[in-house]
Amino acid sequence: MFQGIPTLVNRQDRNYELIFKDVKGKVQQESLQPLTQYDLVKELQSYSDVCEALSTVELALGFLAMTGGEPHMQLSTYLKEVLQMTDHMAPHVFKALSRCSLKHSVALWQLLSSLKSETMLRLKRDPFVGISKEYRRPLQEKHKRLLTSFFTKSSADAFLLEMHEFLLLVLKNPKATDTFRPDWGLKDTVVSYMERKDLDIPPEVDEFFPEEILLSQYTDTWKLSVLLRQERNQR
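Mapping of the sequence shown onto our numbering: residues 1 to 235, in sequence order.
In case anyone wonders, no lab produced these hints; they're calculated from the structure. In this text, a Cβ means the ideal position worked out from N, Cα and C, and glycines have one as well. One thing to keep in mind: the hints can contain errors.
PhoX-like mimics (lysine-lysine), calculated; alpha carbons at most 25 Å apart, straight line [stated by the list, open to error]: (1) 26 - 42; (2) 223 - 103; (3) 223 - 24; (4) 197 - 26; (5) 116 - 142; (6) 172 - 223; (7) 175 - 197; (8) 153 - 103.
Okay, the calculated beta carbon distance ranges per label pair [unchecked claim]: (9) 68 - 91: 25 to 35 Å; (10) 234 - 200: 26 to 36 Å; (11) 84 - 206: 24 to 34 Å; (12) 234 - 68: 37 to 47 Å; (13) 149 - 195: 22 to 32 Å.
Full structure from sequences and hints, please.
As structure tokens, then:
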């Protein structure tokens, strides 16, 4: 399908924690500006757009992990000149990705993978097939009230992206329950995950995110959080 591109490992089998580590070792990475995130979400409206953008970024990440690249090079230039794969892309998806540089590749994956799950929720599909039922217990009413109260005080967008990444990269592993016990606190677990990545913890998360919610309620917490954030943004 793509000229000059060797077939890479099946995407499902790739370990993105390792790929991100390799990319960060070769190409300095930065977070996306909130305005860029907003524009990307606005431009990639349909499920197929989000999937195309995500699989394009995943392909680019696979190459950057092996070969590195110039952090300030526009992603669109890299896709066009280095990977020679733009013939097969929808023009508006290519245009959306041209807002970013190679230094945004990991942050872009984080945003697009979360957007894919959010879009699936909207289409009444389950984005978390394959996640152990140990992490899929329902939230109780008191937890829902605590989360609702938290989202009136805070946007927590960055924390939600980290929560989603941890869910996909760590908890989706069939052996996850051996390491991350379902009766552990969700907030403490995600905060320590962020600290291992040298990220700052948003003060409002530190102060207000409900301590009582457990890893066993992870998928439900993320789904409700996304809905609450959407409601708040629509006001």
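Here is how each hint holds up against the structure:
1. Between the alpha carbons of residue 26 and residue 42 the distance comes to roughly 31 Å, so the proposed pair goes past 25 Å and is violated.
2. Distance hint between residue 223 and residue 103 is unfulfilled; the C-alpha atoms sit about 29 Å from each other, more than 25 Å.
3. Proximity of residue 223 to residue 24 is assessed by CA-CA distance (about 29 Å); at most 25 Å being required, the pair is judged violated.
4. Straight-line distance between C-alpha atoms of residue 197 and residue 26 comes to about 16 Å, which keeps the hinted pair within the 25 Å bound.
5. Between residue 116 and residue 142, the direct Cα distance comes to roughly 29 Å. Violation of the 25 Å bound is thereby established for this hinted pair.
6. A hinted pair counts as satisfied when its Cα atoms are at most 25 Å apart, and residue 172 with residue 223 qualifies at roughly 16 Å.
7. Note on residue 175 and residue 197: the hinted pairing holds, with a Cα-Cα distance of about 22 Å set against a maximum of 25 Å.
8. Straight-line distance between C-alpha atoms of residue 153 and residue 103 comes to about 31 Å, which puts the hinted pair past the 25 Å bound.
9. With their beta carbons about 28 Å apart, residue 68 and residue 91 fall inside the hinted range of 25 to 35 Å.
10. Take residue 234 and residue 200: their Cβ atoms lie about 28 Å apart, and the range 26 to 36 Å holds.
11. Between residue 84 and residue 206, the C-beta spacing of about 46 Å breaks the proposed range 24 to 34 Å.
12. About 41 Å separates the C-beta atoms of residue 234 and residue 68, a value consistent with the hinted range of 37 to 47 Å.
13. Between residue 149 and residue 195 the C-beta distance comes to about 25 Å, which sits within the given range of 22 to 32 Å.
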